[in-house]
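*Asks:* Hey, can you work out the whole structure from these sequences and the hints?
Listed here are the chains, written in short residue letters.
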Amino acid sequence: MIKLTVNDQPYTVDVEPTMPLLWVIRDVLHLTGTKYGCGMAQCGACTVHLNGEAVRSCVTPVKRAENQKVTTIEGLSTDFSHPLQQAWQEEDVPQCGYCQSGQLMSAAVLLRENPNPTDQDIDDAMSGNICRCGTYPRIRKAIHRAAAMQKTGGAQ
Amino acid sequence: MSQSTYTRRRFLKTGSTVTGGLLLSFFIPASAKRLGEKAGSNSTFVPNAYLNITPDNNVKIMLAHVEMGQGVWTTLPMLIAEELDCDWNKVIVEHAGPGEPYKHTAYGLQITGGSTSTWSEFDRYRQAGATAKAMLLEAAAKQFNVPVSSCRAEKGFVIAGDKRASYGELAEAAGKLTVPTNVTLKDKKDWLLLGKPTKRLDAKAKSNGAAQFGMDVHFPGMLIAVVAHAPVFGATPQSFDATAAKAITGVRDVVKIPTGVAVIADHFWAAKKGRDALKITWNMGPGENFSTASQFDSYRKLAETKGTPAAQAGNVTDALAKTTKQIKAEYIFPYLAHAPMEPLNCTVKVSGNSCEIWTGTQMPGVDQATAASILGLKPEQVKLNILFLGGGFGRRATPTSDFVSEAVQVAKASGKFIKLVWSREDDIRGGYYRPAFLHAVQIGIGENGLPAAWKHTLVGQSIVAGTPFQGMIKNGIDPTSAEGVMDSPYLESIPDHAIELHSPKAPPTVLWWRSVGHTHTAFVMETLIDELATAAGKDPVAYRRDLLKSKRHLGVLELVADKSGWNKPLPAGRFRGIAVHESFGSYVSQVAEISLDNGHLKVHRVVCAIDCGLAVNPEGVRAQMESGIIYGLTAVLYGEISLNNGRVQQRNFHDYKILRMNETPQIEVYIADSTEKMGGAGEPGVPPLAPAIANALFAATGKRVRKLPLQAADLMKA
Chain A
1 MIKLTVNDQP YTVDVEPTMP LLWVIRDVLH LTGTKYGCGM AQCGACTVHL
51 NGEAVRSCVT PVKRAENQKV TTIEGLSTDF SHPLQQAWQE EDVPQCGYCQ
101 SGQLMSAAVL LRENPNPTDQ DIDDAMSGNI CRCGTYPRIR KAIHRAAAMQ
151 KTGGAQ
Chain B
1 MSQSTYTRRR FLKTGSTVTG GLLLSFFIPA SAKRLGEKAG SNSTFVPNAY
51 LNITPDNNVK IMLAHVEMGQ GVWTTLPMLI AEELDCDWNK VIVEHAGPGE
101 PYKHTAYGLQ ITGGSTSTWS EFDRYRQAGA TAKAMLLEAA AKQFNVPVSS
151 CRAEKGFVIA GDKRASYGEL AEAAGKLTVP TNVTLKDKKD WLLLGKPTKR
201 LDAKAKSNGA AQFGMDVHFP GMLIAVVAHA PVFGATPQSF DATAAKAITG
251 VRDVVKIPTG VAVIADHFWA AKKGRDALKI TWNMGPGENF STASQFDSYR
301 KLAETKGTPA AQAGNVTDAL AKTTKQIKAE YIFPYLAHAP MEPLNCTVKV
351 SGNSCEIWTG TQMPGVDQAT AASILGLKPE QVKLNILFLG GGFGRRATPT
401 SDFVSEAVQV AKASGKFIKL VWSREDDIRG GYYRPAFLHA VQIGIGENGL
451 PAAWKHTLVG QSIVAGTPFQ GMIKNGIDPT SAEGVMDSPY LESIPDHAIE
501 LHSPKAPPTV LWWRSVGHTH TAFVMETLID ELATAAGKDP VAYRRDLLKS
551 KRHLGVLELV ADKSGWNKPL PAGRFRGIAV HESFGSYVSQ VAEISLDNGH
601 LKVHRVVCAI DCGLAVNPEG VRAQMESGII YGLTAVLYGE ISLNNGRVQQ
651 RNFHDYKILR MNETPQIEVY IADSTEKMGG AGEPGVPPLA PAIANALFAA
701 TGKRVRKLPL QAADLMKA
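As given, the protein sequences belong to chains A and B, one line each in that order. Take the first sequence: its letters are residues 1 to 156, numbered as in the UniProt record's numbering. Take the second sequence: its letters are residues 1 to 718, numbered as in the UniProt record's numbering.
Taking lysine-lysine and the PhoX-like style, the derived pairs with C-alpha atoms no more than 25 Å apart in a straight line are:
1. A:Lys141 x B:Lys196
2. B:Lys657 x B:Lys707
3. B:Lys204 x A:Lys141
4. B:Lys204 x A:Lys151
5. B:Lys199 x A:Lys141
6. A:Lys63 x B:Lys246
7. B:Lys602 x B:Lys703
8. A:Lys141 x B:Lys657
9. B:Lys378 x B:Lys412
Since the hints were derived computationally from the structure, they do not count as laboratory data. Owing to the predicted nature of the structure, the values given are computational and were not obtained by experimental measurement.
*Replies:* Now the structure itself:
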């Protein structure tokens, strides 16, 4: 039995300790916002926060999250109030949308660590996340917009 | 419209299921009941199959096409909302399941593809909205006891003088009226939505984890299936030992199906571990002897022989002999995987005489029929639910319904309620690739520097041969192989030309890959035109001006030249290239600006101009151009599926690379103000990108690119 906290909810799961966190989140807890894309930390679709840090849940054994705090896209905000979510909508970012949970979770750490990122900072932080639809130019713009919103007191 | 687009539309129009002509097959069923849908409550107004209005004033719109990123979730509702004059904030969107009213207006079967969704629904969806509005106005007139002519509709209300009623309040009464058949559509000058940049209606659900993709389907009792696929194309499972697989915690069953051996488990992780533990003996078949390296050798030999004529004028042999200057070129293009971000998946529940399916598919009707035939059911006994598609690019439009049939086979063999999930490796190695192609071209240059003779032979597998789409083949030519060459606008200026095609068979399965034949034909045509311009000592834009007669090609060429600053000098170390190409009824020209640093290519800027006729949602068109450019750039830099001894050499994103944020150029999109015939947006942004890059590379290195993806040697000066 492994205990973990996901989006502030405590869970106890009966799985092997080596099972990737991704599949615990998706197939055991049925929180499906976090996506499977590659299974080998290449695409970032599975990005979640482990104690506030962005991790690739597809290669993170659930044991590593034992008694730790996990945040998924469902917990980024409960009311769509995160400036990145607002900016994503304003800049019309998503296309197919499948990678966007991972993009947002990566961007959220960037914005927390660096409230005023340059294009280069964004490239550095976001190049681990693949988008096959090519929404990169809009993601870049949306991160700048969210940074500006954050400065003026968060989302409207 | 290009010849090839025309051919495709014509074929599908004359298919046996089509009764009406292009855009004439619009029909409104009398009630929702006729569709086999659950009828709305009495108070829900269901004027036709495409929308209904509930008492709370919500307008629910049913999509005949599926949302895979291209934006139909927003664009098609815009068409209805414009005519209905409803409150845009009260619009709710749903995918329609398979059904007669949702068949493609031009193709005659239910399909999302060919960059056709917006133009093909332009009349039908506007009609649907206008019809509903006419009924609401009539219902209001009766309630207000005033003539219809004194009523007007505005943002979900009918207003007459000081009287006012919401569509929701009028829904029940409107539903009892006869459906009018002769409504008038709005004049363009009165449009409030169409032609205006409109934000996506699915952006919120796709930014908070709520959007449901096929992969996200979950029901109590449902298990996960992962299939061990054959290591080479055409191989079948002979025998297997599942002892080790069954010993893994969570594994419930192992069953043999035609395409492999399926492991069924409580969750994906157990199923995948079970798959890895299987010991399988395969009947390999001839596929094991196949390698892409030798494939191109055989294609080269084939290209020297007479092919099937695709386009012909004059006498190319004589004309070539008369020219003193010639260009001879051979081009090679690899197989390409679509690699949508959401790996393929399909959920199937079979119970007695019915089956229910949940998946993201571009061809729901074909999938439904295929599932029914596997199970010995009638299509109407199969209910198919469509979820968001985590990317399509053509991969979710398989004439063989490959992933849906595989899921049905697993459910049938196991008797279990399963979700089939492909791993990324299954996707990369699973076939249905853009076919590998070889082009052999010989051009004779006239005294004036323009091409006088053009002999062009294409070699590559047919996408439609042996599929239900085989009827597209006319006079031995699969248009998806030669589109972009056989109907090239340059040919009309070249008096002697011969375009020939060979369609050899090969083990890997092939499919339409975003922009299909244009993925390679635009590259060949536009790099050769650039080469001819150089040979003539002319500027590439000026040279195209001399050669092109098509107004729309010229329009976007001039627009992109102007916006990119084509005539202005570039900073030192920067180079640029241009290309123009029509596909799917839209005309696109792009200028790529690059630099080379020690064999490292950087694409700084891509400027794009498109003439797609009316851009119903300009923001959506812009997004699709950006998307197409990035999709195209991935193929130029990295795209290659190679096979050795029948085995695909790539398996995941580390060796089948996708463009990343740090490699993304600045992109500028300009939409021509056009009243020409509408074309598509999903695909036409792809074809010009690769030749624009290759032409820029020539400017930088003096070398011509003849093979994709780019090789290290292409990035060094000659």
